[in-house]
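**Student:** The chain contents come next:
There are 2 protein chains.
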Amino acid sequence: MDIYIVSDVGGTQIRVAAFEVSTLNRISLKKIPTQFKGQLPVERLIQLIHDIKKDFSVRAIAVAAPGFLDPDLGIVYEAPNIPGWDDYPLKKILEDEFNAPIFIGNDANLAALAEWKFGAGIGHKNLLYLTISTGIGSGAIINNQLLLGNKGLAGEFGHVTVLPDGPMCGCGKRGHIEALASGTAIMNYIHEQITAGRRTTLTKLAKITGKDISLAAQNGDEIALEAYHRAGKFLGIALANFLHMLNPSIVILGGGVSTSGELLFAPMRISLEESLISPAYLEGLTITTAQLGDDVGLKGALALLVTKLSTDQQVLAL
Amino acid sequence: MDIYIVSDVGGTQIRVAAFEVSTLNRISLKKIPTQFKGQLPVERLIQLIHDIKKDFSVRAIAVAAPGFLDPDLGIVYEAPNIPGWDDYPLKKILEDEFNAPIFIGNDANLAALAEWKFGAGIGHKNLLYLTISTGIGSGAIINNQLLLGNKGLAGEFGHVTVLPDGPMCGCGKRGHIEALASGTAIMNYIHEQITAGRRTTLTKLAKITGKDISLAAQNGDEIALEAYHRAGKFLGIALANFLHMLNPSIVILGGGVSTSGELLFAPMRISLEESLISPAYLEGLTITTAQLGDDVGLKGALALLVTKLSTDQQVLAL
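Same order as they appear, the protein sequences are chains A and B.
When the letters of the first sequence are read in order and numbered with our numbering, they come out as residues 1 to 318.
When the letters of the second sequence are read in order and numbered with our numbering, they come out as residues 1001 to 1318.
Chain A with its partners taken away, still in its complex shape (with noise of 0.2 Å):
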């Protein structure tokens, strides 16, 4: 039987899975942890490759990575959650193991092509794609084609600066709309208002989670409530701006904050709607949640392997 290989190598795990090349069934899947005493990550990734290997013929290996990385050169530049992985020759070192072709990808890119190929997104020639949870991913499908630019540093949706001077973001930047509208985001308002000496029904708890501020906001909380608001209105003008900009037909959200809803999609629709230089952006645009859970990653890499060869062969057969 025929198979691809898929990865999804994440800073606490590596998930590894089978598909049929006819079929696009899976027929095996494999998770551990990405760190372990006296072994690489790569070490640990070509072994579980090797576990679910076993006899198949193996078509196509593809791994979605988080960071950035060159899928053409298949370097990853950087990976801060994965040691050692600085300018790392990712698709050579597979390459030299394997018998087969290694692709590389963004992990968010790679989510955004799995949402288009396989979830939320089918049909869609233009795509938006943010998974909105510790900080901000995102990917865009162009024209049915993963926007990548010129060395596939594209997509970095989460780095566009919203306010100047603004609050400190994971990348060490000021202002982007990550550091305005992740869960981390929403966290660090809440803390910087009890620091402030505002009183919240959070104060009481001894560590306070994305889902307590979830839930005290529901509760009717004033600083819940305008944390969600604004990281909602910030994330509506980012939107408008990426409407202005790439005029999609359909925008999924994804990630852990998204599942607070209306908590943050309510004021995130009106700032959206005061953002738009024109409602024409509106007509047509689909804006919905992501359909594809926890293994988005591994679909993201099967979806690079059928876009890929798919095009391949008809290049091909020309």
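Please note that the accuracy of each hint is not assured.
To be verified - With a cut-off of at most 20 Å between alpha-carbon atoms, the simulated SDA-like pairs for lysine to any residue come out as follows: (1) B:Lys1173 to A:Glu274; (2) B:Lys1125 to A:Asn144; (3) A:Lys125 to B:Lys1308; (4) A:Lys125 to B:Asp1072; (5) B:Lys1173 to A:Asn144.
These are computed hints drawn from the structure, not numbers from a lab.
Given the coordinates of chain A, work out where chain B should sit on it, guided by the hints.
**Tutor:** Just chain B now, with coordinates in the frame of chain A:
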């Protein structure tokens, strides 16, 4: 002889030119004012096309028009400078008049296409074009295709918010990059400072022009220098946003304000470098000035025909 007819319809002037299909040599060019008592702009456009057309065989006609338009439907939604062009079926009107395929496009988008096909951007797959004059017009090439989006409304990079609650933009919203870095924005800043009682060598002039401000800055006028510095700073922030999103290999800056050169570009570069999340975005990036002059709109309409018809021919050939 087979010809392409192209037109650039602006608020003050209609230009129409004919190009020989096989060589792309320009064989004629005429310009008339857009508005004339007793005639509609479209009547003047049609008449000028007939004048240029003569006995030639017209392969196709393309029109670059200002404002919001849907290139597929051929409808101009809104063109503030052309009286009567609101929800205007321009393509249909021209199709009824001429026995040739009609194509229309937004003028700034087509200017981007022109610089890519015939100007500073030849050979680049991912290009960003900004023309900085009274406003900021823009367009982008993504993966060798004009960025249009779902309804052709993409590419409005001038209307990206870089300072919420900032100065009023020409579009009526606040804090867009056009409201902070266009010629109008620079002029408004100077007038605000004068009104606030600050002294500048410009005060003595009856009417201040862009050239005056540029000259004053070159002679060390503090407020004129400040005006360029502020524009450049926000332009750098906006450019960093665009690089994060699109990762182009070339940024082309056109328009009157760009001719001020280092007055604008020096602070822009500093701010761009400070705002980028990784210097990798600058690797392999060219930032340069536009090559095509006043006829960029006509060249853009020509590029549209060349691109559209060669693509269609390829499709037919399959």
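**Student:** Taken at face value, is the distance from the CA of A:Asn144 to the CA of B:Lys1173 at most 20 Å?
**Tutor:** The given pair, whose Cα atoms are some 31 Å apart, is violated under the 20 Å limit.
**Student:** With a cut-off of 20 Å on the C-alpha distance, tell me whether A:Lys125 and B:Asp1072 pass.
**Tutor:** holds (14 Å)
**Student:** Compare the distance between the alpha carbons of A:Lys125 and B:Lys1308 with 20 Å, and conclude whether the hinted pair is satisfied.
**Tutor:** Within the cut-off at roughly 18 Å; holds.
**Student:** Are B:Lys1125 and A:Asn144 close enough, with their CA atoms no more than 20 Å apart?
**Tutor:** holds (16 Å)
**Student:** Are the Cα atoms of B:Lys1173 and A:Glu274 separated by 20 Å or less?
**Tutor:** Roughly 8 Å separates the two Cα atoms, so the pair holds.
In this structure, only the earlier hint numbered 5 is contradicted, and the remaining ones agree with it.
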